[in-house]
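*Asks:* Listed below, chain by chain, are the residues.
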Amino acid sequence: MKKYILLILVAWSLLSCEKDLKFDDEGLANQLVLNSIISSNKDFSASLTKTRSILENSYMGSSLMAEGTLDIYLNGELIKNVNSPTGYFTPSGIKPKAGDSYRIVINSNGKQLEAETTIPKKTEVISIDTTTVKNQYNSKFLIYTATLKDLVGDDYYRILITKESLILNKNADGKGTKKYYLNTSEKSIRSEDPVFNSVYNNFGGDAFNTGPENDYNIFPDDYIKGKEYSIQFHANDYGYGNYSDPFYPVIGGYGDSETIYIRNVVHVQHLSKEFYTYLKYLKLYFHYQGNPFSEPVPVFSNIKNGIGIFAGFNDDAQFMFEKIYRPFSMDTIKVEDSGYNNGGTYYYGSIGGN
Amino acid sequence: MNKLSIFLILFFLAQLVFSQSFTIRGYVTDQTNGERLLNANIYEKKVFRGTITNNFGFYSLTLPKGNYSIACSFVGYQAQLLEIDLKKDTVVDFKLAAKTDLKEVTIVGRQEGSKLSSNQMSKVDVPIEMIRNLPAFLGEADVIKTIQLLPGVQSGTEGTSGLYVRGGGPDQNLILLDDVPVYNAEHLFGFFSVFNPDAIKSVSFYKGGLPARFGGRLSSVLDIRMKDGNEKELHGNVSVGLISSKFNLEGPLIKNKTTFNISARRTYADLLGRPIIKKASNGTDVGGYFFHDYNLKLSHKFSDRSRLYLSAYTGLDKAYYRSDSKDTRNNEQIQEKTKFDLGWGNITTALRWNYLFSDKLFVNTTFTYSNYLFKVNENTTNKNLTTGVKNNEFGLDYQSGIQDYAAKMDFDYFPSPNHRVKFGGSFTNHTFKPGILAFMESGQENASKIDTAFGNPDIHAQEFYAYLEDNIELSPKFSINLGLHSSGFMVDGKFYPSLQPRLSLRYLASDKLSLKAAYSKMSQNIHLLSSSTINLPTDLWLPTTKRIKPQISHQFALGGVYQVKPGIDFSIEGFYKSMDNLLEYKEGASFVGATTGWEDKVEMGKGWSYGAEFLLQKTTGKTTGWIGYTLSKAERQFDNLNFGEKFYARYDRRHDISVVLNHRFSDRFDLGLTWVYGTGNAVTLPTQIAGVANISTTNIMSYPYQTSYEYFGERNNYRMPSYHRMDVGFNFHKQKKHGIRTWSLGFYNVYSRQNPFFLMFQENSDEEKAQTGKDRKLSQISLFPIIPSISYSFKF
Chain E
1 MKKYILLILV AWSLLSCEKD LKFDDEGLAN QLVLNSIISS NKDFSASLTK
51 TRSILENSYM GSSLMAEGTL DIYLNGELIK NVNSPTGYFT PSGIKPKAGD
101 SYRIVINSNG KQLEAETTIP KKTEVISIDT TTVKNQYNSK FLIYTATLKD
151 LVGDDYYRIL ITKESLILNK NADGKGTKKY YLNTSEKSIR SEDPVFNSVY
201 NNFGGDAFNT GPENDYNIFP DDYIKGKEYS IQFHANDYGY GNYSDPFYPV
251 IGGYGDSETI YIRNVVHVQH LSKEFYTYLK YLKLYFHYQG NPFSEPVPVF
301 SNIKNGIGIF AGFNDDAQFM FEKIYRPFSM DTIKVEDSGY NNGGTYYYGS
351 IGGN
Chain H
1 MNKLSIFLIL FFLAQLVFSQ SFTIRGYVTD QTNGERLLNA NIYEKKVFRG
51 TITNNFGFYS LTLPKGNYSI ACSFVGYQAQ LLEIDLKKDT VVDFKLAAKT
101 DLKEVTIVGR QEGSKLSSNQ MSKVDVPIEM IRNLPAFLGE ADVIKTIQLL
151 PGVQSGTEGT SGLYVRGGGP DQNLILLDDV PVYNAEHLFG FFSVFNPDAI
201 KSVSFYKGGL PARFGGRLSS VLDIRMKDGN EKELHGNVSV GLISSKFNLE
251 GPLIKNKTTF NISARRTYAD LLGRPIIKKA SNGTDVGGYF FHDYNLKLSH
301 KFSDRSRLYL SAYTGLDKAY YRSDSKDTRN NEQIQEKTKF DLGWGNITTA
351 LRWNYLFSDK LFVNTTFTYS NYLFKVNENT TNKNLTTGVK NNEFGLDYQS
401 GIQDYAAKMD FDYFPSPNHR VKFGGSFTNH TFKPGILAFM ESGQENASKI
451 DTAFGNPDIH AQEFYAYLED NIELSPKFSI NLGLHSSGFM VDGKFYPSLQ
501 PRLSLRYLAS DKLSLKAAYS KMSQNIHLLS SSTINLPTDL WLPTTKRIKP
551 QISHQFALGG VYQVKPGIDF SIEGFYKSMD NLLEYKEGAS FVGATTGWED
601 KVEMGKGWSY GAEFLLQKTT GKTTGWIGYT LSKAERQFDN LNFGEKFYAR
651 YDRRHDISVV LNHRFSDRFD LGLTWVYGTG NAVTLPTQIA GVANISTTNI
701 MSYPYQTSYE YFGERNNYRM PSYHRMDVGF NFHKQKKHGI RTWSLGFYNV
751 YSRQNPFFLM FQENSDEEKA QTGKDRKLSQ ISLFPIIPSI SYSFKF
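Heads up: the sequence lines are chains E and H, in that order.
Per the working numbering, the very first residue in the first sequence carries number 1; after that it's consecutive.
Per the working numbering, the very first residue in the second sequence carries number 1; after that it's consecutive.
Excised from the complex, chain E in its bound form:
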């Protein structure tokens, strides 16, 4: 059908004429954007930037940082006042806890931005089990079954599996130097569970509009209100971030590599409504952006007098599944310099020996 619609549009465009409009892009830009995602037992951080002109290339260039003062209120009480000339706020000594309600007030360039969020309680996970199954290609993979107890009220969850692996490169520089690499990444989760599919529902299976994948693995408790519910999912063994497959463990050098251990950590995160909504619409936005046939998708914002997100989540429910391929002791291993990758943090370095 799209073909015919396009034909119509092309026919119209033959009739049409075009002119450029004056557009006050600079006047509309330079609004303040406050982004701060906080979680239990992690350091509080926030960033303050300015919007850019819509007439700039959307995806190039970085955001312009904005100077400002941040007031942090915990359960209604001012606990911190920090100033940042760069727009990065990393106030020391604040580690949010479950149930904490935070309100932040930012003053910058004569404007005052406000937002609030609460750190939800830890997800009540009754059990989490794994089963090894074979797929049609006879490859083994793990299926996780997490049974959780939904709380009273509206709740939002996210499942995340992070992977940490310690890799030994036996000949990293071609001269026999051994190097250890510790890398972490996020694993790609796949699930047929209806709770995941309910988020975008893909418009009823429309063959022309399959909708976005639920890559963030988020779900509301609409279908499990106040009940115990078992969710099944599995993780592909290729991860995001960088490669750490035990079968292809060559990394950071030339020589043979060996996997020392692999740790998969399942996070059953309890999200605030703000965080859930932000993730949901961010994904929708990127999926449909640029599609002339789709209704526009806004990215969620909960910043009063500004743009951005201030949202909390609880990441205390973590379950580790570890496989050790070779005995080791961290006392004798030195993991070297670390680097950062959007998909997670990985470290690389070298030690002489072992």
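For the record, the hints were derived by calculation from the structure and aren't laboratory data.
Not one of these hints is a red herring.
Keeping only pairs whose Cα atoms sit at most 20 Å apart, straight-line, the calculated PhoX-like set for lysine-lysine is: (1) E:Lys304 <-> H:Lys646; (2) H:Lys255 <-> H:Lys232; (3) E:Lys122 <-> E:Lys95; (4) H:Lys777 <-> E:Lys22; (5) H:Lys774 <-> E:Lys19; (6) H:Lys769 <-> E:Lys22; (7) H:Lys99 <-> H:Lys618; (8) H:Lys769 <-> E:Lys19; (9) H:Lys774 <-> E:Lys22; (10) E:Lys19 <-> H:Lys777.
Reference listing, derived: stretches of chain E covered by chain H, where coverage requires no fewer than 3 residues with Cβ under 8 Å from a Cβ of chain H: (11) 17–26; (12) 31–39; (13) 46–52; (14) 277–286.
Quick caveat, the model's predicted, so the values are computed rather than measured.
Backbone N, C-alpha and C define an ideal beta-carbon position, used for all residues, glycine too.
We have chain E already, so just place chain H on it with the hints.
*Replies:* Quick look at chain H alone, frame taken from chain E:
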């Protein structure tokens, strides 16, 4: 004697008086052609009692025994005055003579049907002559485009036929052609409407205070009546225009008994373009687009009491392409054939029987059929002519639409001069065809073969309503129209009942000023799943379901009419309308694609609109027309759209002005002019780029490079530039031996204003980047610059 006893005595005395009353009844017709005149005014000058003719030109007036002066008048006709000594029930058929020119009117008594005296508010009768004489896009006079010029009515996007009435949507208008709903009233994606003015007798448009006899839509009723046909002699009209030609023929089959009226119209751009396309493709390709429509009406008078009407309309839009090419490859001849058809059209039929049960009771029984179908068909084959083997074949077939069968009865009862009662009921069987898409693909052996269909099966629904309304003259100054419309809708085992009260009040403050108020509750059980920006034939009518509830509205209107002088009215109306269960596409959803699970694509929400409308209208004299101004606001609120915050409706338009003029300089020359101005439409346009929050564990494989997004604040956050346009048309008439010929010359968008059709961001060229320092620019696409048109018509 207490007060109750006095009241009872007076009541019975009144009954006694009426028991000695007699009824004058009859029809009001055009003297020349016998065409029955709707809403003609019959008025008794001494006792200040009057009535109007119904939709079939019938009236009934009951008065006590005595001598009376009965006046009959209708705009554009010479009034008639009849002295009568009423001592028995009497039949008086008024045959009015059309004025050669619309001189200033001579008012004969109070005009019952006039805006000043009518209870009905928010209604406009648009003379068909006015529609014909106004300048039109490509010279095609258009009923709906004329309606768009009324205050309170927005036109949607440039050039299209959508009606957005008092903040409502394009699906909220009940468009009736001889009592049959027309579901898609558009040709060529809305640039023309399906109604051929040559076939039409009257156009009435209700945008508020809807009487109880109407139901099923929230915002308006466009009641279009086809001409019955000349009872006396054969007449016709032939017209040749830039894009289409049409003819109309009417006359008696049996003089004064059986009439016919037939009209046809067809565009011919495809016929003209066919040789060019064929030549350009070396004879292999043929393609084009056309639309045609046909109207037919037959009427037969069995007696003064009984008359039968058959009305039919059929119209079709079709785009087609054929290709048949042969090529030699490896010494083998390969044939590739392609056939593509895209078409849509309506068929409507009404069989109506009028019967006069008594002098006071008129009944009309109607059976209707309405069908709208959209169809796409494509077939491509590749065949080896040397070996005779078909290499591959691809086929696609898509159909969607709606089909109705209905029966209804409408009664007009005139029990006394103080009451005009209407009651009746209807039953409709709907079949919704939400779209079946079939694919077929086959190839040589071992190649994949597909033959599949997906979509929704037909949905059957039954809808009925019953209504009762009474137009009560409480006093010469104060009258009221009280009504109740009760409807039910049965679909998928679920029944939706609805009770909808209607009320209109009129107070004649003076001979020149009347004050009016109205309330109406409306319910709508069918929904149009429509594209956001353009009118497409793919728009789908779908029923209320278990999940999708009926749309409901409450509208309050308050206003007044001041008669500046006879033939010139100034009216002001304020309105407030609230709407529930409106549908909008979900964020990200698209109108493209199969309709499987359409309920998942939409959200339900609320809407509000309010505003004031000002209309100065002149209906008689050499200069006729109106100046209208609307100040209004239309908002929506959906729990799951725009994060639950209110937003402006797409066609929220703060200011809307229309100037419509028709001036007759002489019998040989007249001029039409329209000018419209409207605040720019609300669109969703990103206005800045914001950075994404750093979510440390985001799945970066999908969008590793996207660290920012385009921010637009809220839905429909930006206003397009304002819209304004002037059209001018000149009509040159000349009396010939056998009739009148007319040359019409028109200019659409006479000062070639580049009005916005849509906005988009575009990449700047390197040169532009160097000049402006910007990567992109905002561009406006406009559709139509000045477009001249010329047409020739001959009326005999």
